[in-house]
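Protein chains in written order, with this note's numbering: chain A, 1 to 354; chain B, 1001 to 1288; chain C, 2001 to 2410; chain D, 3001 to 3240.
Hints are computed from structural coordinates only; laboratory data are not their basis. Just so you know, these numbers come straight off a predicted model, no measurement behind them. All residues carry an ideal CB built from backbone N, CA and C; glycine is no exception. Please note: incorrect hints may appear among the correct ones.
Among chain B residues calculated to face chain A with C-beta under 7 Å, some are [stated by the list, open to error]:
{"hint": "1", "residue": "V1097"}
{"hint": "2", "residue": "V1111"}
{"hint": "3", "residue": "R1184"}
{"hint": "4", "residue": "Q1261"}
{"hint": "5", "residue": "I1262"}
{"hint": "6", "residue": "V1268"}
{"hint": "7", "residue": "V1274"}
Sample of chain A residues facing chain B (criterion: CB under 8 Å; computed from the structure) [to be verified]:
{"hint": "8", "residue": "L23"}
{"hint": "9", "residue": "L136"}
{"hint": "10", "residue": "V323"}
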Amino acid sequence: MLKLLDGPQTMGRGPAFWGAAGLVLLAALAYPLFADPYDVGNFGYFFVWIFMALGLCLMWGLCGMLSFGQTFFFGLAGYGYGVIAIDLGNGPLGTMAGLAAGLVLAAAAAAVLGYFMIYGRINGVFFGIVTLSVTLALAYFLGQTAGPEWAIGKARLNGFNGMQGMDPLTFPGPDGGIVLEETLFYYVLILGLVMVYLLLRMLANSRFGNVLVAIREDAERAELLGYDVRRYQLAVFVLGSTLAGLSGVLYTSWGQFITPSSIGLPAASMPIIWVAFSGRTDLTATLVGTFLLLLGFQSLTIYSQETALVLMGALLMATVLFVPRGFVLGIGDLLARLTMRRRREPRPAAAAEV
Amino acid sequence: MLGNLFAGFYQFADVFAFLVLSAAGLAIIFGMMGVINMAHGEFVMCGVYVTAASYHAGLPLPLAQACGTAVAFLIGMVLEAVVIRPLYTRPLDSLLVTWGLSLVVTQGTLVLVGSTFPGIGTPLGGFRVGDYTFSAYRMVLFAAAIGVLGFVWFLFLRTRFGIQARAVMQNPGMAQALGVRRNRVYALSFGVGAGLAGFCGALYAPTMSLIPTMGSSFIVESFVTVVVGGSSVLLGTAPAAVALAVIRTGLNAWYGQIIGQIGLLVAVILIIRVLPDGFTGWLTRRTA
Amino acid sequence: MNRRDLLLGTAGASLAAALPRTGQAAGPPIKIGLLEDISGDLASIGLPKLHGTQMAVDEVNATGGILGRKLELIHLDPQGDNARYQEFTRRLLQRDKVDVLIGGITSASREAVRPIVGRQNAFYIYTNQYEGGVCDANMLSVGAVPEQQLSTLLPWMVERFGKRVYTVAADYNFGHLSSAWGKSIMKPLGVEFVGEEFIPLGVSQFAQTIQNIQRAKPDWLYMLDVGAAQSSFYEQKNAAGVRLPMASPVKIMLGFEHKRFPAGVMKDMYAAANWFEELDTPEAKAFVARWRAKYPDEVYINDMGYNAWVAIMLYKQLAEKAKSTKLADLRGAMADGTLGVDAPEGRIVIDPKSQHCSHRMRLISVDGENKIKIEKDFGDIQPFWLGQVGCNLLQSNPREQYTPDNLPRR
Amino acid sequence: MTTLLELQGVSRRFGGFLAVREVDLAVAAGEIHCLIGPNGAGKSTLFKLVVGRYEPSAGRIHFRGHDVTRDAPHSRVQRGMSIKMQAPSVFRALPVRQNLHIAMQHHVPPAELAREEERLLELLGLASEGARPAGELSHGQQQWLEIGMAVALKPTLLLLDEPTAGLSPEETFRTGELVQRLAAGGMTVLAVEHDMSFVKQIATRVTVLHLGQVFARGTVEEIVADPRVAEIYLGVPHAA
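Given only the sequences and the hints, what does the whole structure look like? Please build it.
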């Protein structure tokens, strides 16, 4: 199993890469010891979004399905968490049930929508357009639930102003449970990210992952190698969308609040920006790039104020025009080429043995 | 009675005009080059702002509108050469780059021009049929929409550029081998697409409040029309606009605007499911 | 130099100028955290709010600050994005450790901020007019609420123009709630609601609505549209030859449509306002003159910008009476219900039960030349509704938003 | 000999055009069966019907005793079919070795994968190209790689759609040898082919398709000797 951590679908291998990764992880674990608690919480907040980006990387980068619907599942799971948590009276019971309900809701919705699209042979740009349409329709729908008639149990959807009143995720424990916030939130999310990242990495390099890239490169050929392409696509769509759902639950828990504008445009395009900027074909690039981009965009907004959006747009354009494979992946390629040259191997792909 | 009949037509004409005018530019760029132009709304906004500025500078409205269209056309040509051309083999990347462009343009306009811009005022006044009064300018918009369809028809079927453009669309490699200068065709197509977006903005400038983000008002409708229409402006956009205008007018009238908006999106999903290349694919398959 | 340096720079400069008069500043500066959108869709409203706060901070610093401490303004731009409101609320409260948090435009942004403010037990001032009903001890609302804007305006409209009313509202909490308010105020007056339409945010085409209005033949229109796209309605209605009186709680003094649209478009729009730039009192004229000297390019000094200025002045009174910036002390200072400030509109007093403010309300109208006329002066109006339905922050803190159809359990 | 693949009265209609009409075809285990015919005879359509890319408008298809008429392509492949498409269709961005790996990963025990890949690369003459992206290979090499991928599935029936298109005579001959070696190892082959010298080199049986119908069938010698076939197809250049 563990040898699947390295393979043709993931950048970086060997002691140098894992050593560096371990150092980054150690630094991240030690960070709260000397940093301002606000910065720790803020970094934890950035981690919330990375699950959604990794899910998109899996669907789009590895399997070639551009889903514009990450925020659809984000929103479903976020609202699902809120409704269940509120109706079960919050606390450890309500929030844990809410977490489960949010993820199940996202997965079930992805299974239904995915079945409709994938078995209806909707692909390419149209896959993106259908997912975007569904996403916008959900945002419009939730936006007009302002009236008191729009309530599920005690939980009011509350239209554009958003739903609130749910507790943060709470683990069972003494004194009504251990509330997942601030530094604890940060550590739990690091743990979750490391697990999801490693599992996805193994998945990408497994036989399953090989099939995914085959589908991305040429779905018809993959089918004629005996692979039930649509089942693989559906599985990946459900998995990637459920990761978006996880982000949705974590976001709602973090701010105890969710609104339709977390679902509609421009929110829906953000995951695509992160993943495209980072390098969509690689999980590590997505992980690192999404974090850097979230940090960069927030810093731009804080320090350059009015010109922030101009700079973000320009950054995006420059990345696409000058580093077509993505910013982080571009740097990764550069590093790989430097080290490879030293080892006198012809090209990085030579490392594709299994 | 006459009033109600005319009112029904007027509503349809109004939605139809909005769909055709806002979608034509996007459809040309998508159909010709496979590029999804996320900055489409900003070309519309460019048309609006240039029109309004020229009008306030003293030009008569029609001339100001011509200015708005021309400026959008020229900017489109320049942008094609600078940011779109390197990306023809990567259609998804052109989506990202135009999205970045739209951020830069919207916020750049806000910083440079300010958060609001003085409006123009709708010309021509109103007229009365039966119990209702109507805006005469809305009829001009309807005529302009028909005119745009006619212009596109003429451009693609009756001019040298059109013949070359269709050749490039069918088979870029072969067209190039036959001596068609592909880059020039693409640059002109993008320019025409941008110009039509600017024309849409120029026409709607006197009817809306002007802010830098106003382009987004046109985006959803134009995308929906292009998706439902498919890749051909001639075969797709016009029938799609008719169909969607009927759906939307009906839903608006009987169930209100929110259902009209959600209904439009549901229609898109169903039509993609049934007709994968929109009306274009359906019509070409029937005639093939 | 970025905007934040600029702000601190000017604030510092005015303080230096003030020093010889007021002596040494005592203690560290009082930090004011401000969240206003200066980019994105709502920038046209956020900019005057930023200016109002800046002007107030400079004026307070020029007269010695608060409790001898100068004010330090930290402004962040959430770009109209609720998630950014959440991020920046945390940043200002936890990292910058501001003494008071001010800002937010839409109700959604306010609701994004409130849970975080509540968990940190901080003090938050919301400066917009809004649909009312927030009963939260951590929040002070400075803007006008429906009992001030609608209970004045709507009965007057019914008496003046008639009992057939058509409502055009944004399909948004503000639209739904204000429409419900309109019904509860006007039903007892025998008003017939001949039509009601909710328009999705971002819709800019209104031919169908205009026709529905013509069919319903109302005496006047109750307008609750939101945002620039929806305000295209007025131009289109005018072009279609529909000339009806209109009433709205968010037009003119807030959206300054009479400064942006051609003459005639907003003709016969009526609104009840605690502030509008054309207000003709000596205090108001002096205020406008100071503002225009500082920001000569301002298109219009709207009520939100003015309220933002008032918020700082109220905070100064609160902190000086409490001799502290702690939430409990500040609330103690307002508890007797007399604390207030003499503002350009008249005296504004905080109601301790709801933590909303009284306002001097005036009814204004727009003529065919985009000129403002004062139709009536209603005098001081109390924010009575929350107290009436049972919100009493002196006794409990439910942190809820109540509406006519979501009342507190007694 | 047992019948491996059997088509009974298979037709396929496109609008008003009958591309394939009532074709009966039986491929016996162990043979190298070539399908020939002039352009537009319906050979490619028939292939797509066999592999499941199209569904027949009428008729039935049996493979190894199962009715696969309505089965999806992947489940036919899982039953033991394998196809090499007409235009080389390899995963162009992926390394050559990974192309083979993807094809064989479910047919070879994990421990033997590396050795098996090595063996196939050797067999295909691509031993030194394992790390190159497949899209960088020459046209001939891509054809071979794709045959290799088809073979890697260890099929009972190997379908080859114009395996020699665009190859030099030398490469064509070596392809023939490869096919014969595979057949000798027990694989049944059904090939669509234009090049008669290639057909003569490998075929044990030939079926001629004309205007969507079976026109003639027999051994190579019989077909070459049939004057009717020469008339419609062999006519001028290949008759020698």
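Evaluation of the provided hints:
1. V1097: holds (5 Å)
2. V1111: holds (5 Å)
3. R1184: violated (21 Å)
4. Q1261: At 6 Å from the nearest chain A Cβ, Q1261(B) passes the 7 Å test, so the hint holds.
5. I1262: Cβ of I1262(B) sits 5 Å from chain A, so the hint holds.
6. V1268: holds (5 Å)
7. V1274: Since chain A brings no Cβ nearer than about 9 Å to V1274(B), farther than 7 Å, the hint is violated.
8. L23: violated (32 Å)
9. L136: holds (6 Å)
10. V323: Not OK, violated: V323(A) not within 8 Å of chain B, min 11 Å.
In this structure, the hints that do not hold are numbers 3, 7, 8 and 10, in rising order.
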